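Each chain, letter by letter, is given below.
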Amino acid sequence: MSALELANVTKRYGSVLAVDDAVLDVPAGSFVCLLGPSGCGKTTLMRMIAGLETPTAGTIRFNDETINERPVHRRDFGMVFQSLALFPHLSVGENIAYPLKIRGRPRAERDARVVELLDLVRLPGVADRSVAQLSGGQRQRVAIARALAVSPKLFLLDEPLSALDAKLREAMQVELRQLQERLGITTIVVTHDQREAMTMADTIVVMKGGRIQQMDRPIVIYRRPANAFVADFLGQTNLLTAHAADGGATIADAPVPGLTLPAGCATAEVSIRPEDVSVEREGAAPLPATVEFVRDMGSAVEVYLATAAGRIVAQRAAGRNDLMVGDTVSLALDPAAIVVFPAGATA
Amino acid sequence: MIGTFLTRLFFAAVGLFMAAPIVVIAGVSINEKRSLTFPPEGFSLAWYGQIFTDEGWRGALTTSVLIALGAATIAVLIALPIAYALWRRVTAIGRAVQLLGVSPFVLPPVITALGALSFWATMGGYGAWYTVVISHAIFFTSLPLVTISLGFQTIDREVTEAARTMGANDRTILTTIVLPMIAPYIISGFAFAFVLSLNEYIVAYMTVGFTLETVPIKIFNALRYGYTPTMASVSILFVAVAVVVFGFVARFGDLPRLLGAWSSGDGK
Amino acid sequence: MSAAAPGTKAGGWREQAPLIFPALMLLAFFVVPFGLMIAVSLFERVAGGFYQPVLTTANYARFLSLFFGKILVFSLGLSALVSALCLIVGAPFTYLLTKLRRKWQVPWLVAMLAVLSLSEVIIGFSWSTLLSRTAGLSNLFVSLGLMDNPDAWTPGFFAVLAGMTYQAFPYAVLVLYPSFSRLDPSLAEAARTLGASPLRAFFTVILPALRMALIATFIIVFVFALGAYLLPQLLGRPEHWTLSVLITDQAIYQSNMPFAAAMAVFLVVTSLSLVLLTTTLGRKGRAA
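Line order of the protein sequences matches chains A, B and C. Heads up: the first sequence is residues 2 to 348, going by this note's numbering. Heads up: the second sequence is residues 1468 to 1735, going by this note's numbering. Heads up: the third sequence is residues 1083 to 1370, going by this note's numbering.
Derived by calculation from the structure, the hints in this document are not laboratory data. Just so you know, these numbers come straight off a predicted model, no measurement behind them.
Covered stretches of chain B (in silico footprint by chain C; criterion: 3 or more residues with CB under 8 Å from a CB of chain C, positions within the stretch not fixed):
#1 1497-1511
#2 1686-1696
#3 1711-1720
Ideal placement from N, C-alpha and C gives every residue a C-beta, glycine not left out.
Model the full assembly from the supplied sequences, consistent with the hints where possible.
The following block contains the structure:
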């Protein structure tokens, strides 16, 4: 059952099309990430869901009710803002209790709920501190606690972890996912960080230029990107041109056994990830290449190669660092891992 | 939505309040006869012409403009070095001079006026034209001081450091980087001081009120001793001058930024 | 941000040299006149002239009499009322102003600056005309049929109040502007997502978050209003005259400079203490 349905939602600012005909179904209890570069419309889309912006066209339905016209303060969604937006004049406990106070809940109930929520976000005992006294990570948790105070049906987070440093971010991604699983609350997160999306989401919605490019499980998007943009945005990839040839296809005049282009296509753009490119001895594989640069990251070895098709990046297992700049080698491309984009599929 | 309607209504009410006296004066200034009536009976722009043809008014206007030009110039000459010194290094003495620069404006104008009166009466020179120019300059120093300080804040330290690594000494940095970058702020500070000096009454009155007539002094005298519609037309002229000057500052500079907002990164 | 320009030697006097000219100017033409004024307040009045340097506290004694005491209380009360009115209307107005797109804010800011720079004479003239019996609002109402006969609404207390509020309002808006401008817009949005209506969000989140700025603005506008020297005269009767009017009157028309100076000194002390209060509040607000 879908909790949230977006039907042809569009947002226009003057001549600028911020969100173009978005169609989205978010099942109840799922974790969705809106992913894309800055300016792609993901934040605008979330703000329309929250009610902070009104769609120029289209409908937003929540639990089978159209909520386009419902004002923000009556949508009962919990939202965490990028700047966290904690109220500076209230203590931690007062911040968290704010939505309860607005709804007229009695003091005892508010206090109990604050304790409960602080335990939930693993920040017990700080209710009386002022917001300024907390660290970035702690403030993050308070913002989450506050948004969840009235047990909303929809939990929205706009780049919630962008202000945290790298290590803390990674830890919070895991915690956020675990929290969501525990509460079972329908959650939508906006992020530009694809690692974040892949860590937390059940479904990733990739956006560019206001349009939804692809919407699927993370690993499906990774393995089968819908177009070159998605392939390039999620992880690293090599974008190459394949040409149809007798019984198959070639890349840079090298045959790629097992690869076929769709009927009627003389050429097509294809994507292959570095881990699916295998570096062999000279002559052992179809595509000749010269080593340009080697990068040993410790956990894997990246090799930059010059080929007739341009630069190709290959990834080898940790420790396999026996190549030198200038070596002539040959490349084998795993046909099962190659994604072919039909003509016109580029975003 | 009712929110937007109420907001529009609120803005309209404030706008009306702000505009009402000016609208009435404008109406009075185009009245055909010499009487003070509203709504106007008949239409005539003669009273605007009077500003320039009548010797008294023309003289007052010239006096006001000359004083304002002088005062604004001196105010900038006082404010610029203070802002510059503080930008180079914040010292106690720099802060003290800055405080002195801002104080006259923060205090009620009557104080500055009385101080000026005491001073020039004691020193001699009471009633001479330079008394009001200097006193106005001191009074309005805070305006270019604020705008120019803001301008210095916009200079990225790394820009001057880069210049230094390329061989520029302090003097060169001042003339080739600092001054060009803060020029708009100098101009807006000058503009603010100029407009305020044009309109200033009490300091002018207490220093040169008996020897010179600026426009505000002349209007006040006319209020007491005899009404003439030229009072209204010259008032509208001054309102127009203010709007044009500040409009220019807004057009060529970032007015919200100048008044304290963050520099616009967003479209808001 | 306030560190010295790197690469310069610490404590070079040449760096501070630019301060010499301004310091001299300010010392000569502000500090000295100021000091002189304080001195004059302690001197004896010479009828028809200025003063003679004979020390006396008679001026202050006269000032502290009941008559002038009442004027003082009235001045303070009127300024407080004006400041309060400006804030009550000005705070929501400035808030809504800062939520407009930049390009729509500019005309309003230009308008505020224009009114702010207007001479008190022009404002007095405009308001006395606006509220007059022959050329004002009441004439407009009569011609629109809302009133039978035109009426003079000046001189009077409400005329003074209206004129002074008109003069101080742009000042309040421009002083509040930076604070409201820099306020994180997501504070209000967060409040709304948490269930507060826009009005409720304004009163429970926006205003409290800015309470230091609001208090400081109240004080600043209060001091500004204390400085009105013409409006109470033009729009009010002698019972509405404020301290600044009295100072002007004594200095010029009564030729009693020492007495005027004594009142001025008092006014300065009051204003300075209030401004100091504002800056300490500002510092506390930042530390909090």
